[in-house]
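There are 2 protein chains.
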Amino acid sequence: MRKIKVAAAQTSCSWDLDENISKAEKLVRDAAKSGANIILLPELFETPYFCQVEKYEYLKLAKTVEENRAVNHFKAVAKELGVVLPISFFEKQNNAAFNSTAIIDADGKILGIYRKTHIPCGHCYEEKFYFTPGDTGFKVWNTKYAKIGVGICWDQWFCESARSMALMGAEILFYPAAIGSEPVLNTDSRAHWQRVMQGHSAGNIMPLISSNRVGIEKEQNSFGQISNMTFYGNSFITQETGGIVKQLDGKEENFIAAEFELDAIADFRSSWGIFRDRRPETYKTILEH
Amino acid sequence: MRKIKVAAAQTSCSWDLDENISKAEKLVRDAAKSGANIILLPELFETPYFCQVEKYEYLKLAKTVEENRAVNHFKAVAKELGVVLPISFFEKQNNAAFNSTAIIDADGKILGIYRKTHIPCGHCYEEKFYFTPGDTGFKVWNTKYAKIGVGICWDQWFCESARSMALMGAEILFYPAAIGSEPVLNTDSRAHWQRVMQGHSAGNIMPLISSNRVGIEKEQNSFGQISNMTFYGNSFITQETGGIVKQLDGKEENFIAAEFELDAIADFRSSWGIFRDRRPETYKTILEH
Chain A
1 MRKIKVAAAQ TSCSWDLDEN ISKAEKLVRD AAKSGANIIL LPELFETPYF CQVEKYEYLK
61 LAKTVEENRA VNHFKAVAKE LGVVLPISFF EKQNNAAFNS TAIIDADGKI LGIYRKTHIP
121 CGHCYEEKFY FTPGDTGFKV WNTKYAKIGV GICWDQWFCE SARSMALMGA EILFYPAAIG
181 SEPVLNTDSR AHWQRVMQGH SAGNIMPLIS SNRVGIEKEQ NSFGQISNMT FYGNSFITQE
241 TGGIVKQLDG KEENFIAAEF ELDAIADFRS SWGIFRDRRP ETYKTILEH
Chain B
1 MRKIKVAAAQ TSCSWDLDEN ISKAEKLVRD AAKSGANIIL LPELFETPYF CQVEKYEYLK
61 LAKTVEENRA VNHFKAVAKE LGVVLPISFF EKQNNAAFNS TAIIDADGKI LGIYRKTHIP
121 CGHCYEEKFY FTPGDTGFKV WNTKYAKIGV GICWDQWFCE SARSMALMGA EILFYPAAIG
181 SEPVLNTDSR AHWQRVMQGH SAGNIMPLIS SNRVGIEKEQ NSFGQISNMT FYGNSFITQE
241 TGGIVKQLDG KEENFIAAEF ELDAIADFRS SWGIFRDRRP ETYKTILEH
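Chains A and B, in that order, give the protein sequences. Under the numbering used here, the residues of the first sequence are numbered 1 to 289, in order. Under the numbering used here, the residues of the second sequence are numbered 1 to 289, in order.
These are calculated hints, taken from the structure and not from any lab test. Careful: at least some of the hints might be erroneous.
One copy or any two copies: either way a pair holds, since identical chains are not told apart in the list.
[Stated by the list, open to error] In silico EDC-like pairs for lysine to aspartate or glutamate, Cα to Cα no more than 20 angstroms straight-line:
#, residue 1, residue 2
1, Lys246, Glu261
2, Lys26, Glu182
3, Lys75, Glu25
4, Lys5, Glu19
5, Lys109, Glu66
6, Lys144, Glu80
7, Lys128, Asp277
8, Lys284, Asp249
9, Lys5, Asp18
10, Lys128, Glu281
Between the sequences and the hints, there should be enough to build the whole structure, so can you do that?
Listed below in structure tokens is the structure:
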């Protein structure tokens, strides 16, 4: 039996970048101590969620994977603790910039990079200003402990991302996120956000882990206009039928962990017959707008 | 504002076919009286769920849409009450037979037929013995009250069905079902079943209605082997973020109804940006096994 323990860590982020790294590291060490093998941190945890505003100087935050501080820092941590760490970062690549995740395996080496496919745009989620739509396509990663799929935040709203990673052999799905208040739309998306991902988990019959940030962040755009967002945390872990087994609240900086038997889940997935009964020849509409 | 009221009716079914029709009709009349415009009955409610067993004589239950009793009966009811009725039936077509739904519009005319795309197979769900995999592809229907998508039972487990119908312009999704106990697998799929569909509703940002049957049904296959199933009802209606707004229990024969403002939901769907941000060029894996 391949038993695996996965963890989701949740933290707030400020412009004190040293503190962001050290808080994330403490949670990773705590989760590893509890036996976690793969530990997920929130999206872009190295900085505040700068996409809250369109601000030209923030374009300079993008770094290559070789230069990015968080990736380099957590390569050493992953190796020391023997844990897998998907690290979300703002990636510079020549004249383009991506919202990326470097997958660091338990030996501290980078297995590769996934670049966020779906880029949101709306008040306080001005990602189309910063990020080139990802050019890697969906990817799965043969880590030391499991074959995993990693999407990034807005990707988690699209059934296509989850299904593609499942078809490519993912056994567990991970989604770092940065989501909170909608300062203009009159909506609280917390339950909606969870239900979409519970659907991916239930429909693909595999656990799903999402880590979100917490805290209030205030920003000022290039016009000098001020805004603020409250990130709602609620990081969670589902089992293979989509039920939430562990969840953090809307404010705490902490981690959750859950253990899964991957071979038993694979047997259940197989017994259920969904992947046997797919009919790709009838899915052409999915490739249209 | 286009206000619409939708209903899900839930009933048990026996080999007293007259009673099946009259019980379904009573629920349709009650739902229409409460103001429902589109009323969903369970899958194959005209008979017991004969697919519980492989029995050669049951192949003879298939009839053309012109011959099928339930379809003909409810054409008159739809016209009298001015309601839309998707009617599930076992359809004969030359030498093939399908698990089909005829969409009867509020004037009693058939808009067309959808044939179930995904056909399950497993102990007590021996549908591959009876049904040719559907050849219509997913379809949406311009009914008097709304543009609707209708899948059939096992289709509800596949994100591709729901997404395809949403991309074709569906405003609400309907799924007649016949699901209950798993006599061999050690699992109760009730919550799993709901969560997958809540995910379709949340991910496509539209209401979803599923009607399931209730009751215990005993069958004997062509070998003389006896089996029985308990259908778990729990017919439900979600709002556009996937939350369940109405639900029946595991035993009652009754209906539920909920009202929706379709234009307000369309505005919310548009504001959320999911359909704007899809990237079909990255979804090719979906068309593979």
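Exercise. Can you name, in rising order, the numbers of the hints this structure does not satisfy?
Worked result: 2, 4, 8, 9
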